[in-house]
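Chemist: Sequence:
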Amino acid sequence: MQSYISDLMYKRILVAMDSSDLAKKALSKAINLAKLTNSEIYVVNVIKKENPHTTAQAEEIMSDAKEYAEAQGMGVETFIKTGESPDEIVFLAMDKKVDLIVLGSRGETGVRRILIGSTAQEVIRFARCSVLVVK
11 MQSYISDLMY KRILVAMDSS DLAKKALSKA INLAKLTNSE IYVVNVIKKE
61 NPHTTAQAEE IMSDAKEYAE AQGMGVETFI KTGESPDEIV FLAMDKKVDL
111 IVLGSRGETG VRRILIGSTA QEVIRFARCS VLVVK
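To get this note's numbering, take the position in the sequence shown, counting from 1, and add 10.
No lab work stands behind these hints: they were computed from the structure.
Check each hint, because a few of them may be wrong.
Listed below are the simulated DSS-like cross-link pairs for lysine-lysine, each with C-alpha atoms no more than 25 Å apart in a straight line [unchecked claim]: (1) K35 <-> K106; (2) K21 <-> K91; (3) K34 <-> K58; (4) K45 <-> K34; (5) K145 <-> K58; (6) K59 <-> K21; (7) K21 <-> K39; (8) K34 <-> K107.
Every value quoted in this text rests on a predicted model; they were computed, and no experiment measured them.
Taking the hints into account, I'd like the entire structure generated from these sequences.
Modeler: Structure (structure tokens):
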């Protein structure tokens, strides 16, 4: 059964991470899916401008994500990108030939849109692969 599922499903999953609880929930869901489908997991954090504070925060987020994944028996490859979040997420997904992007419905800013945050909306709009938005 698992072989059948893994043949039909995703091979590469990209998780967009920030420090929000929804991002952590997205990582957890991605790990569970990756275990089921024998997928590779990539994790990305995007910072708008590179400076010592944002870089250190991004490194901590990636370190925590990697530690969490390893505790769940999964290895992950992490990336820190500089730019606009939706653009960098979609570009990395294309570069890594990702089958699925997983992200929280809203990020750490707490700004709420009618249904989902602007980053999630833009990723859904421009991604060439499936997108799973976690609430």
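Chemist: All hints are to be evaluated individually against the structure, with a verdict given for each.
Modeler: These are the hints, each one checked on the structure:
For the given pair, K35 sits about 22 Å from K106 by alpha-carbon distance, which is consistent with the 25 Å threshold. Taken as a hint, the K21 and K91 pair is honoured in the structure, with Cα atoms around 22 Å apart against an allowance of 25 Å. Between K34 and K58 the alpha-carbon distance is near 20 Å, which keeps this suggested pair within the 25 Å criterion. Of the supplied pair hints, the one linking K45 and K34 holds, its CA atoms being roughly 17 Å apart against a limit of 25 Å.
With a C-alpha separation of about 24 Å, the suggested pairing of K145 with K58 holds against the 25 Å cut-off. With a CA separation close to 31 Å, the supplied pair K59 and K21 exceeds the 25 Å bound. Distance hint between K21 and K39 is fulfilled; the C-alpha atoms sit about 15 Å from each other, no more than 25 Å. Among the hinted pairs, K34 with K107 is consistent with the structure: their alpha-carbon atoms are about 23 Å apart, no more than 25 Å.
Figure legend: structure checked against the earlier numbered hints; the only hint not met is number 6.
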